[in-house]
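Undergrad: Whole structure, please, built from the sequences with the hints as guidance.
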Amino acid sequence: MTEVLADLGGVVGEILGWIGGYERGILGAIAIIMVALGIYTTLENRTPECPRYLASSTGPKKRLISNKLAALLTYPYAFLIPCYCMYVSRNASRVNIVLVSLMVIHYLQRTFIYGLMIKGNSKIPAHVLRMSATFCALNGYMIGRYHTEYAVYDANWLTGPRFIIGVVLFFTGMAINVHSDHILRNLRKPGETGYKIPRGGLFEYVSGANYFGEIVEWSGFALACWTLHSVAFAFFTAGYIGLIKAFAHHRWYLDKFEDYPKNRKVLIPFLL
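So for the sequence shown, my numbering puts the first residue at 1; every next one is plus one.
Simulated from the structure, these hints should not be mistaken for laboratory data. Yeah, the Cβ is synthetic: ideal placement off N, Cα and C, and Gly gets one too. Among the hints, erroneous ones may be present.
Here are the simulated DSS-like pairs of lysine-lysine, each with C-alpha atoms no more than 30 Å apart in a straight line [unchecked claim]:
(1) Lys68 to Lys189
(2) Lys196 to Lys262
(3) Lys265 to Lys245
(4) Lys119 to Lys265
(5) Lys196 to Lys119
(6) Lys265 to Lys123
(7) Lys68 to Lys265
(8) Lys119 to Lys68
(9) Lys196 to Lys256
(10) Lys68 to Lys196
(11) Lys189 to Lys256
Computed Cβ-Cβ distance ranges for the label pairs, DEER-style [unchecked claim]:
(12) Ala36 to Phe112: 31 to 41 Å
(13) Val88 to Arg199: 43 to 53 Å
(14) Leu271 to Arg185: 25 to 35 Å
(15) Gly201 to Ala155: 37 to 47 Å
(16) Leu37 to Pro261: 25 to 35 Å
(17) Val88 to Asp259: 49 to 59 Å
(18) Lys189 to Ile26: 43 to 53 Å
(19) Leu72 to Leu271: 32 to 42 Å
(20) Leu254 to Ile26: 38 to 48 Å
(21) Tyr260 to Ile165: 32 to 42 Å
(22) Asp154 to Tyr195: 46 to 56 Å
(23) Asp154 to Met117: 37 to 47 Å
(24) Lys196 to Leu272: 15 to 25 Å
(25) Ile164 to Tyr195: 39 to 49 Å
TA: Pasting the structure below:
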């Protein structure tokens, strides 16, 4: 048995060694694919499979998973994998650790604050959960591995303008996102059902305040990291949750509520 395990360990080691020789190219390919997916999803402009759209769907019944369970099954990949990358890296400097920690902070919040505080019984299709989990795992690997093993920064990066402005944008966007989620969670009083018009915060200006916050957040992250991989992630985020989900939600609000504010923009206050 010991010999079998030793042989298996040797095989796994050889596989990992082979992958290691191509890993930088693999990470770059993931980034390019992410950009392509961002362009594709934007051009396709398909209505996202969110709970509010499923009720009116005329297609076949789909297996549904609660939003709370989906968050707990999806988001952990996006902070556990980067944490593991930081743990095993032999090349990560203090700068690399700080940058990857930004992503870890975001997804810890999404898992243990946003995820656990979800109210109601809204559900998403099981295949959407699988796709989201796959994305979080691949993105966690791409960001975590590249920025701990291959990205090189000089010792003064943390005091440079790109990092400082990027971090300010990151935490500003995160604050907007968290506050907007708080507003959405508390739209209904205990015992109430149905949908309501969001009020307060940036929802007074845009329909997708939570999405705007997340786009600002990841744009700041991309600026702070200044790599293809972080930019690819920010680009995909802007395309999918900004140009797809925010516009779909805005159209839905206009169709659902006759008194929906007509001067409220979709995503960017006063502009879009």
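Undergrad: Now tell me if each hint is right for this structure.
TA: How the hints compare with the structure:
1. For the suggested pair Lys68 and Lys189, the alpha carbons sit about 19 Å apart, so the restraint of at most 30 Å is met.
2. As the CA atoms of Lys196 and Lys262 are separated by approximately 16 Å, the hinted pair is consistent with the 30 Å bound.
3. With a C-alpha separation of about 14 Å, the suggested pairing of Lys265 with Lys245 holds against the 30 Å cut-off.
4. For the given pair, Lys119 sits about 26 Å from Lys265 by alpha-carbon distance, which is consistent with the 30 Å threshold.
5. Among the hinted pairs, Lys196 with Lys119 is consistent with the structure: their alpha-carbon atoms are about 14 Å apart, no more than 30 Å.
6. Between Lys265 and Lys123 the CA atoms are separated by roughly 27 Å; this keeps the pair inside 30 Å, and the hint holds.
7. Restraint check: the Cα-Cα separation between Lys68 and Lys265 comes to about 29 Å, which is no more than 30 Å; the hinted pair holds.
8. Taking the CA atoms of Lys119 and Lys68, the gap is about 8 Å. The hint holds against a cut of 30 Å.
9. Distance check on the hinted pair: Lys196 and Lys256 sit about 9 Å apart at the alpha-carbon level, within 30 Å; holds.
10. Among the hinted pairs, Lys68 with Lys196 is consistent with the structure: their alpha-carbon atoms are about 20 Å apart, no more than 30 Å.
11. Of the supplied pair hints, the one linking Lys189 and Lys256 holds, its CA atoms being roughly 20 Å apart against a limit of 30 Å.
12. Under the hint 31 to 41 Å, the C-beta atoms of Ala36 and Phe112, about 32 Å apart, fit the expected range.
13. Evaluation of the 43 to 53 Å hint for Val88 and Arg199 yields a pass: the beta carbon distance comes to about 47 Å.
14. Checked against the given bound of 25 to 35 Å, the beta carbons of Leu271 and Arg185, roughly 27 Å apart, stay inside it.
15. Under the hint 37 to 47 Å, the C-beta atoms of Gly201 and Ala155, about 39 Å apart, fit the expected range.
16. The hint said 25 to 35 Å for the Cβ distance between Leu37 and Pro261, and at roughly 33 Å that hint holds.
17. Taken as a hint, the range 49 to 59 Å holds for the pair Val88 and Asp259, whose Cβ atoms sit roughly 55 Å apart.
18. Separation of Lys189 from Ile26 is about 50 Å and conforms to the stated range, judged on CB atoms against 43 to 53 Å.
19. Here the CB-CB span from Leu72 to Leu271 is close to 36 Å, well matched to the stated 32 to 42 Å.
20. The beta-carbon spacing between Leu254 and Ile26, approximately 43 Å, falls within the hinted interval of 38 to 48 Å.
21. Between Tyr260 and Ile165, the C-beta spacing of about 35 Å keeps the proposed range 32 to 42 Å intact.
22. Checking the proposed 46 to 56 Å range against Asp154 and Tyr195 shows it holds: the Cβ atoms sit about 50 Å from each other.
23. Checked against the given bound of 37 to 47 Å, the beta carbons of Asp154 and Met117, roughly 40 Å apart, stay inside it.
24. Between Lys196 and Leu272 the CB atoms are about 24 Å apart, so this pair conforms to the stated range of 15 to 25 Å.
25. Under the hint 39 to 49 Å, the C-beta atoms of Ile164 and Tyr195, about 40 Å apart, fit the expected range.
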